[in-house]
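Novice: This is what each chain is made of:
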Amino acid sequence: MTDPVALAAASEVVIGLAVALPLVAVTGGTVVALRLRGRGAKGRVPVGEVASDAATDEELRAGATAVAVAEATAAPPAVEPATYRGRLGKARGLFAGYLGAVRSRGRIEPATWDDLEEALIRADVGVGATDALLDDLRGRVKAGDIAGPDALVEALKADLVAMLSPGAGGADLAVPGAAAAAGEGDDRPVEVWLFVGVNGVGKTTTVGKLAHRLATGGVRVLLAAGDTFRAAAGEQLAQWASRADADIVRGAEGGDPSSVVFDAVQRAASRGHTLVLADTAGRLHNKVNLIEELKKVRRVADRPPGRVVEVLLVLDATTGQNGLAQAKVFLEAVDVTGVVLTKLDGTAKGGIVVAIQRELGLPVKLVGLGEGAEDLVDFDPGAFVDALF
Amino acid sequence: MFETLTDRFEGILSRLRSRGRLTEADVDEVLREIRTALLEADVEIGVVRGFTDAVRRRCVGLELTSHLSPGQQVIKIVNEELTALLGGETLRLAYASRPPTVVLLAGLQGSGKTTTSAKLARWFKQQGRNPLLVGADLQRPAAVEQLRVLGGQAGVSVFSEATDPVAVAAAGLDEARRLGRDVLVVDTAGRLAIDAELMDEVRRIAGAVRPDYTFLVVDAMTGQDAVATAEAFHRTLELDGVILTKLDGDARGGAALSVKEVVGRPIAFASTGEKLDDFDLFHPDRMADRILGMGDVLSLIEQAERTMDQEVATKGAAAILEGRFTLEDFLEQLQQVRKMGSVSGMLSLLPGIPKDLKQASSAVDDRQINRVEAIIQSMTPGERVDPAVIDGARRVRIADGSGTTTADVNALLKQFREMQKLMKGMGKGGGALGGLLGRGAKPSPRALAELAGDGGLAALGADPGTAAWAGARPAAAGKKGKGGKKGKGGGRVTPKAR
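Line by line, the protein sequences are chains A and B. If you're matching positions, the first sequence starts at 1 in this note's numbering and goes up one per residue. If you're matching positions, the second sequence starts at 1 in this note's numbering and goes up one per residue.
Keep in mind that the hints were calculated from the coordinates and are not lab data. Quick caveat: nothing in here was measured; it's all calculated off a predicted structure. The beta carbon of each residue, even a glycine, is placed where N, CA and C say it ideally should be. Hints may contain errors.
[Claimed, not checked] Using C-beta positions, here's what the derived DEER-type ranges look like:
hint : chain 1 : residue 1 : chain 2 : residue 2 : range
1    : A       : GLY217    : B       : ARG203    : 39 to 45 angstroms
2    : A       : ARG299    : B       : TYR95     : 52 to 58 angstroms
3    : B       : GLU80     : A       : ASP131    : 25 to 31 angstroms
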């Protein structure tokens, strides 16, 4: 490397920067946030960075699947109906191993608790939720309410199911058209479902699959390609749209996502679509300006005749404890109404949703079990927990 | 990442400091906190157990030594173990004796392989190599196009053709030889470790190009499953290391650390931002310091050395120390800073920067710096050296000249005065800064921590004066050219850590 003197000089400079930068940073940061409020985001800057860490292989690959299905009819993959157990079964074993050990002991020992703890931690449930679950069970064992390992496992299962079940607050996925039906004449709102999340979790694929599912069910769906940042995101969604026989509104690459959503709502209103499914670009939740941009998209979508009915946070099932931080920020910023848990086919995991439900009260509404259009299913707490066990 | 670990230690350690000897119960308490912190950082549970066991063995019965309290010794042990856990040495790439050196990237969907490929190629280029990128991800439509765009930005050409991934990789190798390229970076499609067919495909790609280095690309946000995934890829491909992506999020990245421990391969590179330059070799010892909240000043210094003009840097540094730092110096430093990459990326490397400040900085972009530059450039040389001469009329002129408002100019001047005050404090009396420099080439973490503590970096975040510059802006917005009107400080919104 360089000589010590040069290094020392450099470190002096660094310190100088350290003084100067925070000032610039704080002031600049504030101004950006305010500018976004005042005028709206001019897309993401700088323009030169076309593709970020937004590696969205999964999303795009699903696009490829769409092409493959369309073209390669010669080799039709047997489309099995998606079930939790069927899909999660591939990755089973780990959790089951712990529970086998628990059951084989015959009685509840200190090692029993260690096994249960490790199983839950390994499923990404997290320390907090795991402690809460096990402390409660310990109390019940002490009180004599639970006798024996089998009963303990069943009680844990039941607790997890209860934790993941939506409260009485009507947390089920909204029924498309319900809000519109409640309105009358010209007041009928255009329902908007917004899909948000960090990079690479599978937002575009989820929108595509859901469009397919709803269109098949007879709902008039319009897709809004709100990911104007990632190259080819719009193209990918367009492939899903044609596959689902749904209409799509696209904007210019690098354009304002809000305007895409605005156009989609206008078009839906004039053409009589029931529902707009709006994709958005992936964004890390600690990037303040991008979260501000998303807030604006939501505001614009909620402007009559639009009405935001669902804001779904898309979460990769392999995500660890950071998922909670993601959920917190997105919930606070855009009033997330539920979680879509994707890529569950690769892993018997997704335990972070337990922590998210417990701490934030955010229910899981949809689950992605594979790459096919049929593989997006409603969340079923019982089946989900069963599959883990 | 990992800030909370330091926070957790503080409480316990402050109690330990007064004791001459650590009991087993004391150590257990510390270890429980470490365990929770590591699990919350997504470190794999088996790895956590091994780590806490190792620390326990070394901690029990620590004697009070002359210069380190038991608490400090615990920190030292944790730091050493953490460094060992993170991989010990930084990867030293050995280039193939018969070029090209072939690098293969693999990983799950959405982990960031394509972007990483381009960043890696750019990194090789900066090392003076002449790389070629190969787009062997034919699975998803735009993957190759994405790589071409990124390759264009990185100044590295991209080879691909619409055959099959194995053939593309092989042809890419031939192409690299034909063109005389000395490094070949092969991007592949995302795949699940349990997908036998695709795992076989990537094995065949590796067979075709015989990579010198095979890296697994791992998302920093991954949970406990990362280890199983890495083991599966390792069985198929014999990994040489891991590349950690999306470290610019607030994920702690413990999963990647576990991968290193379980698979026995180091984290070779880390990606810390969206820009192509936000990517570098992974330095485990520095990372351990960062985990313990000491920041990563060495990385920053290297980054500075690489991009900054040494003469300008030295001049600026001297000006700071001598307390004669002018707006002209400030402008020069600002221009240097811009060469170094994103502000938030740099801030994350520094110790003692408050979290909300880091978060706020993620929103900064070049336009803000542009404005500051414009204001200073609209001043005369005399004004830059002695801003005191800038009266009302000059302010209006400067504002007009820079396309800003007098409120902006006022705010900048006020900030500059605050900054000067601070720097004079730093330069005088040796203080933390003097101590740091006196230590020679490698500042000790302790000195840096001290600097962070009382050198004023942390204090900046709390300084109410820093609000003024920003506060003036919103009120003045849209009133360009109406000089003389005082911008009211209302409307400031500080993005807070949640």
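Novice: All hints are to be evaluated individually against the structure, with a verdict given for each.
Specialist: Consistency of the hints with the structure:
Taking the beta carbon of each, GLY217/A and ARG203/B are about 42 angstroms apart, inside 39 to 45 angstroms as hinted. With their beta carbons about 53 angstroms apart, ARG299/A and TYR95/B fall inside the hinted range of 52 to 58 angstroms. The supplied range of 25 to 31 angstroms is met by GLU80/B and ASP131/A, whose beta-carbon atoms lie about 29 angstroms from each other.
The structure fails none of the hints (numbered hints given earlier).
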